[in-house]
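Now for the letters of each chain:
Protein chains: 2
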Amino acid sequence: MKVHIITIGDELLIGQIIDTNSAKMAQMLLEIGAKVTGRTAVGDDHEAIINALRLATEQADIVLVTGGLGPTKDDITKKAIADFYGVGFVFHEPTLERLNQILERLGRPMTEALRTQCFMPQNATVLTNKMGSAPGMWFEGNGKVLASMPGVPFEMEYLMQHEVLPRLQAKFSAMPTAHRTLFTAGEGESTLAEHLKNFEENLPPQVKLAYLPAIARVRLRLTVSDPDAALVDELLNEKFREMEGLIPLKVIAGYGDDSLEIVIGRILKEKNLTLSTAESCTGGYLAHLVTSVPGSSVYYFGSVISYANEVKMNQLGVNKETLQEHGAVSEQTVREMVAGAIRLLNTDVAMATSGIAGPDGGTPEKPVGTVWLAVGNKEKTITHKLQLSKNRLINIQYSGYYALNLLRLFLLENY
Amino acid sequence: MKVHIITIGDELLIGQIIDTNSAKMAQMLLEIGAKVTGRTAVGDDHEAIINALRLATEQADIVLVTGGLGPTKDDITKKAIADFYGVGFVFHEPTLERLNQILERLGRPMTEALRTQCFMPQNATVLTNKMGSAPGMWFEGNGKVLASMPGVPFEMEYLMQHEVLPRLQAKFSAMPTAHRTLFTAGEGESTLAEHLKNFEENLPPQVKLAYLPAIARVRLRLTVSDPDAALVDELLNEKFREMEGLIPLKVIAGYGDDSLEIVIGRILKEKNLTLSTAESCTGGYLAHLVTSVPGSSVYYFGSVISYANEVKMNQLGVNKETLQEHGAVSEQTVREMVAGAIRLLNTDVAMATSGIAGPDGGTPEKPVGTVWLAVGNKEKTITHKLQLSKNRLINIQYSGYYALNLLRLFLLENY
Numbered sequence: 001m002k003v004h005i006i007t008i009g010d011e012l013l014i015g016q017i018i019d020t021n022s023a024k025m026a027q028m029l030l031e032i033g034a035k036v037t038g039r040t041a042v043g044d045d046h047e048a049i050i051n052a053l054r055l056a057t058e059q060a061d062i063v064l065v066t067g068g069l070g071p072t073k074d075d076i077t078k079k080a081i082a083d084f085y086g087v088g089f090v091f092h093e094p095t096l097e098r099l100n101q102i103l104e105r106l107g108r109p110m111t112e113a114l115r116t117q118c119f120m121p122q123n124a125t126v127l128t129n130k131m132g133s134a135p136g137m138w139f140e141g142n143g144k145v146l147a148s149m150p151g152v153p154f155e156m157e158y159l160m161q162h163e164v165l166p167r168l169q170a171k172f173s174a175m176p177t178a179h180r181t182l183f184t185a186g187e188g189e190s191t192l193a194e195h196l197k198n199f200e201e202n203l204p205p206q207v208k209l210a211y212l213p214a215i216a217r218v219r220l221r222l223t224v225s226d227p228d229a230a231l232v233d234e235l236l237n238e239k240f241r242e243m244e245g246l247i248p249l250k251v252i253a254g255y256g257d258d259s260l261e262i263v264i265g266r267i268l269k270e271k272n273l274t275l276s277t278a279e280s281c282t283g284g285y286l287a288h289l290v291t292s293v294p295g296s297s298v299y300y301f302g303s304v305i306s307y308a309n310e311v312k313m314n315q316l317g318v319n320k321e322t323l324q325e326h327g328a329v330s331e332q333t334v335r336e337m338v339a340g341a342i343r344l345l346n347t348d349v350a351m352a353t354s355g356i357a358g359p360d361g362g363t364p365e366k367p368v369g370t371v372w373l374a375v376g377n378k379e380k381t382i383t384h385k386l387q388l389s390k391n392r393l394i395n396i397q398y399s400g401y402y403a404l405n406l407l408r409l410f411l412l413e414n415y
Numbered sequence: 001m002k003v004h005i006i007t008i009g010d011e012l013l014i015g016q017i018i019d020t021n022s023a024k025m026a027q028m029l030l031e032i033g034a035k036v037t038g039r040t041a042v043g044d045d046h047e048a049i050i051n052a053l054r055l056a057t058e059q060a061d062i063v064l065v066t067g068g069l070g071p072t073k074d075d076i077t078k079k080a081i082a083d084f085y086g087v088g089f090v091f092h093e094p095t096l097e098r099l100n101q102i103l104e105r106l107g108r109p110m111t112e113a114l115r116t117q118c119f120m121p122q123n124a125t126v127l128t129n130k131m132g133s134a135p136g137m138w139f140e141g142n143g144k145v146l147a148s149m150p151g152v153p154f155e156m157e158y159l160m161q162h163e164v165l166p167r168l169q170a171k172f173s174a175m176p177t178a179h180r181t182l183f184t185a186g187e188g189e190s191t192l193a194e195h196l197k198n199f200e201e202n203l204p205p206q207v208k209l210a211y212l213p214a215i216a217r218v219r220l221r222l223t224v225s226d227p228d229a230a231l232v233d234e235l236l237n238e239k240f241r242e243m244e245g246l247i248p249l250k251v252i253a254g255y256g257d258d259s260l261e262i263v264i265g266r267i268l269k270e271k272n273l274t275l276s277t278a279e280s281c282t283g284g285y286l287a288h289l290v291t292s293v294p295g296s297s298v299y300y301f302g303s304v305i306s307y308a309n310e311v312k313m314n315q316l317g318v319n320k321e322t323l324q325e326h327g328a329v330s331e332q333t334v335r336e337m338v339a340g341a342i343r344l345l346n347t348d349v350a351m352a353t354s355g356i357a358g359p360d361g362g363t364p365e366k367p368v369g370t371v372w373l374a375v376g377n378k379e380k381t382i383t384h385k386l387q388l389s390k391n392r393l394i395n396i397q398y399s400g401y402y403a404l405n406l407l408r409l410f411l412l413e414n415y
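Respectively, the protein sequence lines represent chains Z and R.
Sequential numbering from 1 applies to the first sequence in this note's numbering.
Sequential numbering from 1 applies to the second sequence in this note's numbering.
Just chain Z, with the same shape it has in the complex (with noise of 0.2 Å):
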């Protein structure tokens, strides 16, 4: 199953979007057993739609296209797409009642650049994108596919999960293929090498290792793929099982799609344990990811992000001879933060962070990047310093998941 992606729009070519769709595309795909063998860029441009088009389904089994669908006039795919095809447009009675109902429910009126979204391609079957307004479109022909999506990205991966996937795994047998993902935090990417490196230079050749690396974390996962599918599952268990043990115990934080945030989440909820946050340099963030998990309100409570120092001082409790001493990114700060959190929103655990996030504050002493997080309970508290970078976004998505993974740690030490 080769497939070729390409993507459209002028914000692509210009460089005022960077393309994340294509690589998630390409994981998605992978999960399947289908390999991107190529990918194109093109602007909203007819011609150079059509023509790569035609290009790509030269050189590959399936196009999948994203971009170009939405009601403005500078979204010509549809319009390419039925060109390339040489055919007409019919009107999609369906396509029409589903943004009904969702202006009904916006209390938007239509509107005729809404309409004209409802004309699709003769040769089309339209793909419900639950997700937007836009709909997907597949097409078939001479043994190749394509399929079309909407650039917005949680609709182009809601059309990838639910119809595209499916469909193409239904219409191509591909080579059985199997996945398991080990999900790592702690340790970076090199040092997971050197544990690895034996281990990688000896596997065999339906056996692949990829390192998928994140912010202060990094997945490692398993790919297998070859004609006998009970060999598949024998070989994935074996050198899952083998690597596994490779890996150093405290590092291993979870299995397949876990997060941090999803851990740490199971862990209160097994040991009926709650959290609150106190939050200075990664100002919400931290919560944020907390938060992310659904589910999270039965063990979360809350949070002060306490940015200015006032409120550190009046709702969290910090002694203002601590400020004065050692300043408010400090050991000392943190870990009175970390304690009025618990008393104030009455949890068993809580988590602070206090640094210079950046890019202008820092001091010789205390330079950008400075961050002090504390993780604790009643009992206890522990403390890491982070020496990051001078990028503000960077420090503080760092700060906040080298916090989880310290809540991480400290919760499978403690109880």
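Please note: incorrect hints may appear among the correct ones.
Said to hold, decoys possible - Below are the EDC-like pairs computed for lysine to aspartate or glutamate, each with C-alpha atoms no more than 20 Å apart in a straight line:
id, chain 1, residue 1, chain 2, residue 2
1, Z, Lys79, R, Glu200
2, Z, Lys35, R, Asp45
3, R, Lys366, Z, Glu413
4, R, Lys385, Z, Glu413
5, Z, Lys197, Z, Asp233
6, R, Lys390, Z, Glu104
7, Z, Lys24, R, Glu11
8, Z, Lys35, R, Glu47
9, Z, Lys208, R, Asp45
10, Z, Lys208, R, Glu331
11, R, Lys269, Z, Glu238
12, R, Lys208, R, Glu157
13, R, Lys2, Z, Asp45
14, R, Lys250, R, Glu189
15, Z, Lys2, R, Asp10
16, Z, Lys35, R, Asp10
17, Z, Lys78, R, Glu189
18, Z, Lys2, R, Asp45
19, R, Lys239, R, Asp228
20, R, Lys197, Z, Glu112
21, R, Lys2, Z, Glu244
22, R, Lys208, Z, Asp45
23, Z, Lys79, R, Glu201
24, Z, Lys208, R, Asp10
25, R, Lys390, Z, Glu157
26, Z, Lys390, R, Glu157
27, Z, Lys130, R, Glu189
28, Z, Lys130, R, Asp360
29, R, Lys2, R, Glu31
30, Z, Lys2, R, Glu157
31, R, Lys208, R, Asp228
32, Z, Lys35, R, Asp228
33, Z, Lys269, Z, Asp348
34, Z, Lys271, Z, Glu104
35, R, Lys208, Z, Glu47
Hints were generated in silico from the structure; no laboratory data involved.
This one's a predicted model, so the numbers in the text were calculated from it and none came from an experiment.
Position chain R relative to chain Z; hints supplied.
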């Protein structure tokens, strides 16, 4: 100056790496008036690279290649380019000298793999890479240019800035091009398109309008290209003013790279006002948006994230009766949360959110996606009810941005 970008590497095709180089290169090219008209990604595959080079040189005047120049086995760009031109290799002494200097500084030995980097296609002009060991290459033939750079982002950026762009400017006289962006919030893409229907239909061919939608906000970008540089500026000024006049005043939130979080920060600083937040369903995301802006600590004091009803009552002073009679997700509750935040955190203005983010927890009267927002000061509070989707993360993000826009309107109307 038409430019085609080719990015090389299996890691790009399988989605292990998000391609940020292409966007960066496009931005740099725009600065000198060169336009990316297409982009291709290929794997570490000799045939595929040659094929891509052939197609790209047919379609564009300039082909820029990144990736596949390092010392490891899968880096085969140089061989493919030599074969594409049908030339052999020559040993490049200056590259060996530079390599020896680098290795001496690092205290590392010369390896066979590194020595290979000193062989260059016969027709290459070698571009010194002061950021790494693999040099760039410049080729000319038939009025076309091909430049090859390593895929490491800062090495690519260095070579673009110091070697490739100056050579392109010297060789091609580019078509003068300029952009201007209007940043809007509060109306969807299709409603904006209604305002701009006539304007768009009557645009001269040198002017292009692009809609760049994101959650709860849309950028409108005008681009003008014309051989006459004076006309470019004139047309852009005229058409931008015309477009701006067609958009309702309160929908215009800013210009260029403005974001809602930057805009509200600017207004708060101008008016010398302070802000706090009280979040339930957004769980810290709203505070994260506000604090993602450098210098936000000047006007933002903090937040109480009241996930638990106890925190709403004990910290924010929401009445027990309010929660019992109207529920946590209600207009009355968010009103009291605003009042509580202003009192507790001692600020001029506050925002509050309470809703059912989902995917579970809805009731017939208050289905998943019901969100109440409030913004106010000591005298006045405005509220807004959203009816969103079943997707937790999107509900959180939409509520966050919508609340920021509500704050923007409140500030403009009341100060």
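Quick rundown of the hints versus the structure:
1. Lys79/Z to Glu200/R: Judged against 20 Å, a Cα distance of about 18 Å means the pair holds.
2. Lys35/Z to Asp45/R: OK: Lys35/Z and Asp45/R at ~14 Å, within 20 Å.
3. Lys366/R to Glu413/Z: violated, 41 Å
4. Lys385/R to Glu413/Z: violated, 44 Å
5. Lys197/Z to Asp233/Z: violated, 23 Å
6. Lys390/R to Glu104/Z: holds, 17 Å
7. Lys24/Z to Glu11/R: holds, 12 Å
8. Lys35/Z to Glu47/R: Between Lys35/Z and Glu47/R the Cα gap is close to 17 Å, so the pair holds against 20 Å.
9. Lys208/Z to Asp45/R: Roughly 18 Å between the alpha carbons, so the hint for Lys208/Z and Asp45/R holds.
10. Lys208/Z to Glu331/R: Judged against 20 Å, a Cα distance of about 54 Å means the pair is violated.
11. Lys269/R to Glu238/Z: violated, 61 Å
12. Lys208/R to Glu157/R: Judged against 20 Å, a Cα distance of about 28 Å means the pair is violated.
13. Lys2/R to Asp45/Z: holds, 14 Å
14. Lys250/R to Glu189/R: Roughly 16 Å between the alpha carbons, so the hint for Lys250/R and Glu189/R holds.
15. Lys2/Z to Asp10/R: Status holds; Cα separation ~14 Å.
16. Lys35/Z to Asp10/R: Within the cut-off at roughly 10 Å; holds.
17. Lys78/Z to Glu189/R: Holds - the C-alpha atoms of Glu189/R and Lys78/Z are around 18 Å apart, at most 20 Å.
18. Lys2/Z to Asp45/R: Distance ~14 Å between Lys2/Z and Asp45/R Cα, so the pair holds.
19. Lys239/R to Asp228/R: Between Lys239/R and Asp228/R the Cα gap is close to 16 Å, so the pair holds against 20 Å.
20. Lys197/R to Glu112/Z: holds, 10 Å
21. Lys2/R to Glu244/Z: violated, 50 Å
22. Lys208/R to Asp45/Z: Between Lys208/R and Asp45/Z the Cα gap is close to 12 Å, so the pair holds against 20 Å.
23. Lys79/Z to Glu201/R: holds, 17 Å
24. Lys208/Z to Asp10/R: Holds, at roughly 13 Å.
25. Lys390/R to Glu157/Z: The hint holds at about 15 Å.
26. Lys390/Z to Glu157/R: holds, 19 Å
27. Lys130/Z to Glu189/R: holds, 18 Å
28. Lys130/Z to Asp360/R: Given pair Lys130/Z, Asp360/R holds - Cα atoms ~17 Å apart, limit 20 Å.
29. Lys2/R to Glu31/R: holds, 14 Å
30. Lys2/Z to Glu157/R: Violated, at roughly 32 Å.
31. Lys208/R to Asp228/R: holds, 16 Å
32. Lys35/Z to Asp228/R: Distance ~46 Å between Lys35/Z and Asp228/R Cα, so the pair is violated.
33. Lys269/Z to Asp348/Z: holds, 12 Å
34. Lys271/Z to Glu104/Z: With a Cα-Cα distance of about 45 Å, the restraint between Lys271/Z and Glu104/Z is violated, given a limit of 20 Å.
35. Lys208/R to Glu47/Z: holds, 16 Å
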